[in-house]
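**Q** Listed here are the chains, written in short residue letters.
Protein chains: 4
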Amino acid sequence: MGNVFGTLFRVATFGESHGAAVGCVVDGCPSNLPLSEDDIQTDLDRRAPGQSSITTPRKEADKCQILSGVYEGKTLGTPICVVVKNENQHSKDYSEIAKLWRPSHADYTYDMKFGLRDPRGGGRSSARETIGRVAAAAIAKKFLFGVQIRAWVESVGSICMPYMERTPTLEEVEASPARCPDRDTSEHMVEFIKRAKAQCDSLGATIRCRISGVPAGWGEPVFDRLEAELAKAMLSIPAVKGFEIGSGFAGARMTGSMHNDIFYADGGKVRTRTNNAGGTLGGISSGEDIDFRIALKPTATILKEQETLDKNLNAVKFKGVGRHDPCVAPRAVPIVEAMAALVLADMKLKQLARKVL
Amino acid sequence: MGNVFGTLFRVATFGESHGAAVGCVVDGCPSNLPLSEDDIQTDLDRRAPGQSSITTPRKEADKCQILSGVYEGKTLGTPICVVVKNENQHSKDYSEIAKLWRPSHADYTYDMKFGLRDPRGGGRSSARETIGRVAAAAIAKKFLFGVQIRAWVESVGSICMPYMERTPTLEEVEASPARCPDRDTSEHMVEFIKRAKAQCDSLGATIRCRISGVPAGWGEPVFDRLEAELAKAMLSIPAVKGFEIGSGFAGARMTGSMHNDIFYADGGKVRTRTNNAGGTLGGISSGEDIDFRIALKPTATILKEQETLDKNLNAVKFKGVGRHDPCVAPRAVPIVEAMAALVLADMKLKQLARKVL
Amino acid sequence: MGNVFGTLFRVATFGESHGAAVGCVVDGCPSNLPLSEDDIQTDLDRRAPGQSSITTPRKEADKCQILSGVYEGKTLGTPICVVVKNENQHSKDYSEIAKLWRPSHADYTYDMKFGLRDPRGGGRSSARETIGRVAAAAIAKKFLFGVQIRAWVESVGSICMPYMERTPTLEEVEASPARCPDRDTSEHMVEFIKRAKAQCDSLGATIRCRISGVPAGWGEPVFDRLEAELAKAMLSIPAVKGFEIGSGFAGARMTGSMHNDIFYADGGKVRTRTNNAGGTLGGISSGEDIDFRIALKPTATILKEQETLDKNLNAVKFKGVGRHDPCVAPRAVPIVEAMAALVLADMKLKQLARKVL
Amino acid sequence: MGNVFGTLFRVATFGESHGAAVGCVVDGCPSNLPLSEDDIQTDLDRRAPGQSSITTPRKEADKCQILSGVYEGKTLGTPICVVVKNENQHSKDYSEIAKLWRPSHADYTYDMKFGLRDPRGGGRSSARETIGRVAAAAIAKKFLFGVQIRAWVESVGSICMPYMERTPTLEEVEASPARCPDRDTSEHMVEFIKRAKAQCDSLGATIRCRISGVPAGWGEPVFDRLEAELAKAMLSIPAVKGFEIGSGFAGARMTGSMHNDIFYADGGKVRTRTNNAGGTLGGISSGEDIDFRIALKPTATILKEQETLDKNLNAVKFKGVGRHDPCVAPRAVPIVEAMAALVLADMKLKQLARKVL
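Heads up: the sequence lines are chains S, V, H and Z, in that order. When we follow the working numbering, the leftmost residue of the first sequence carries the number 21, and every step to the right adds one. When we follow the working numbering, the leftmost residue of the second sequence carries the number 21, and every step to the right adds one. When we follow the working numbering, the leftmost residue of the third sequence carries the number 21, and every step to the right adds one. When we follow the working numbering, the leftmost residue of the fourth sequence carries the number 21, and every step to the right adds one.
If you are wondering where the hints come from, they were derived from the structure by calculation, not from laboratory data. Glycine included, each C-beta is placed from N, C-alpha and C at the ideal position. One thing to keep in mind: the hints can contain errors.
Stated by the list, open to error - Where chain V lies over chain H, by a calculated footprint (3+ residues, C-beta under 8 Å):
id	stretch
1	39-46
2	95-103
3	134-141
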């Protein structure tokens, strides 16, 4: 219930933040694809904490191990289980958190739903759960030949980079501690994040993701439209509060004559002069870049004292301690890319399954 | 592939705009619930065209018939098939549309995906497909005791109503041809839509939806979060380009100390002082109102001449003809409510299935 | 819940025996396949009652109508809804049956599960439900190129035909009122069934099904083995009590040296000298004929008086009335073929989805 | 694809025989249930090799570890990952097996389906895969309150125990090395198996399983009937070639007046005088014992020389080496019980989800 994603390329993630391990099982990966732990580790390292001055200095090795589904460096077509051991299982005292509900965390709702929860490091609602997703996506990318998925931070708080027509390179994104490819904006963002941190506060952000190389025809009308699956995938990431594709909310203020994307032929290839659609029509990829944005709320954990309730409904004070990212956006970039990859992998396989003629 | 929604309350829709019929099959509806064709018809009538001066004057009877799953006015627990016959099957000449791709319609992508399409009235990509969703939702609402789902138009083009703290009544929404419960704004919207129509153009819009009465505990972490399922449900509606819940994109510009919703006890009930979360925490309902907004692009069909391509990649001219809504938002309101109901119905049943103790 | 079959070629059936209609919705049918109502009607006619002296003389027209998913004689790739109207909705008085539980029928268990039931003609548990399956299978067969599915009655009561090494032709099967391709046995069966009928009794039977033309590689280990899906498909048919593939229960009495099927090369093609496996190894088709048998219990409705209980747990007498098949096997033959086709259609599409290289 | 079982209590298994580990992830387990590694280990130990004189003397520790989903001895409602490390990863030379297709093994079909395979110990098609199933079932049993699942060996080769009206105790089954609760028959079986082993041959067998304590109402018509899901579950076990419930194939030779199970009231409880149905009517449990049998083919690996083909289609000789069970039935008993538990767990949760009133 709720921990499985996809129909044909099906990913189950498991693991609590401070349990024995986190990881995933991928069922439905095609066979005969080269795959090593290094392939997965590269992507995991991008989401690990402690990468820069503005992310939490907490160091986690997060070394992955492939337990099944690969033989002599090739996928077998059988389930691939990847695990990452948790190393900080007994690091801290969680008895206070166990008794109260932190504001804007999932403590209260987990208690209501399940009748209990693992209070250590957020348990299942921790962002460590996304390790399994990133690992699964590293596998998915092995057969997304020609598809390039690139995400980057577009705004942090009120600081927003100028619109970028071209898609930045991976190097441009990674060169910035904020994962914002515009150098000037990136510097401002870093300053802004540091100041928020100094003020024991946190910041929201937006991330843009652009995908090129998807041929026309992926995506399933009616309910499983490509944009619907992307929206679900993105809103399944912790802290995401919004999704828009193409013109998005701005498109709601436009007229049809402004908004419609005009088809033209570019040397035998069908193109549109604008891309307000964001790469899909009727839920199916058009061959234009898939282009979407997401909104991230500010990190819920802040080092300021806040009021809240304990389990007996008594008013209590709570102050976050420890090391937390004041803005999750830079580390969310590879997670956005991962979820996009999982959507596309499933869509590609579904479209293959239609080719009986 | 793509035409089924839900796990336990599972809805399959079928039908092309100008085929013999459209409809749905609902599998998993609990038994012993009172259900009649009138219950469904009431909701279908809200989405029918020709209801006001600003919707298309096209009249469709859209009378539903229940073919199965109901006996002596009660649901049997077996599949409920609802059909609505199409009455305008042979109304028009579609030979031109069959040969070209209308801008910002799904003609091109359907051709690329399937190798053919039904050109009559948009075929499967027509908004008539949503009849099956509305019918299914009318059934879902039969066991969503105590849950109130209310959607309304918040903006049309650049005209936006003031933020409404209280949830409007159904009567307030229905009293407005624009389905905007703020009277002054509604009048402006109607004028604005009429002007767009006179200019052979169309308009985008936003719709807000607020849901009260959902107890804490619905929604499934990790992938099937309540907000993720809502996002998917909304983006599966034709013309929807964006979704945001609670603070949404505005939240991305806030700090944690502003954004966090503080818990307090209200006479034995756990509440939060603000609702930036929009009614969910960690993907699970908190008991606060679920509050989200969607963006609708302007209607793709406009009565102005546009350039496009035919199937041989020749540049051709195309001008929409016939009767189309210049702004789909008013008629989309019941569809937004319907999709929300389908999400909640499934979530309620899933949560029931966890109660073994 | 329970009324949907398949993952990629997904069939939902609906309808009660004496409701408005029975039928199916097929989601996931590939596009561009020729399909007409006649294609479906041909298969429906084979399962209709009143075909011979030993089936019920009840005449049902059972004319199918395609409501969606087909345009100009080709499948669109969108859901195909097929309906067959029920013509005997008000034919009889069911007030007695509504109050008691017929022995070996589903009356009692439906009441326990759902709290109510449609007592007319068995409601949802009627064999009329299989109309939707046969219709869906007629569609499935449109892309099962080269696959031949042939079922026939092998035994009725204690009368069993000799083992038939070759697969009989459709004509041989259809020439027999008992659908037993061995002429002598068929004659005995017909006599035997007539005698049972005269005695107000009913008979069990076995059906064999042999499928040729399935290439090696269909079927999904571990849980969705080809034989597991076939077993489920067969046991989902009313009155089926057993399934065996290849050597089946007889294989349980053999030694490994007798049972193992020895591989050899037949002009570049891999074959086995025997087929105790019944066409699958490890859940995957081997290229040999898929060969299985099912057991059918005697028809539960008999025209003799039996004891039973009413809903108040009073002992009452019940005697079946009306027209019923004393042996359902002849009419079950096309249903067995239909369910086999649904399994293979889904397996074929799944295998296609693995071909990324 | 194929490695996931169940809808609400959803089990994914993973692992090759000689890869790093085998195991499972269970999604959808209700929360607040006591669960420890010992609970799982007890069941795993029953399927481990080396338990008696007639099973392979190979010793595998098969110690399980719970990686997630349990906190302070209670299930969290989140995914439970259980792993068992493989200890004999590098034990043997598999270069011969890698090049040829062993008769009646899955080597050939895996090669055809996937284009490669892990030749070590059968890879994914090894019976070690069932470790994940047994572990998952140990979890399922935690909320199958009042349900007793008991399987035993009824026949080995031609040696069959007398029909046992009462259900044997666990102790009676476990007391026999053959897991046959009839002492005399058990002794004959053990002798028979030893003789087959001495002759480098193997034996088929049948297993009966009887389940008591299932209330009326579990199971989903139409396709997901309780017996259909059981049939699928059983045929998904390696080496199973047949399934019959209640009267099964014997019922095919009976008349309706013999076969029908007559209802009567036993002190307010509805019972039937016979149980030819085997505990279900119309796919739904009736409250009577669920009673089914399965057929197991003889172990494919025999220590006699057999002809076969290599990958270049050359005829070659092959002789099994190493330690193998000459009859898998005794060790299959807990696997049959496990798969039955997985079916019932899912059915119980599905029925809970229907209780909205």
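**Q** Would you mind marking each hint as holding or not holding in the structure?
**A** Cross-check of the supplied hints:
1. 39-46: holds (count 6)
2. 95-103: holds (count 7)
3. 134-141: holds (count 5)
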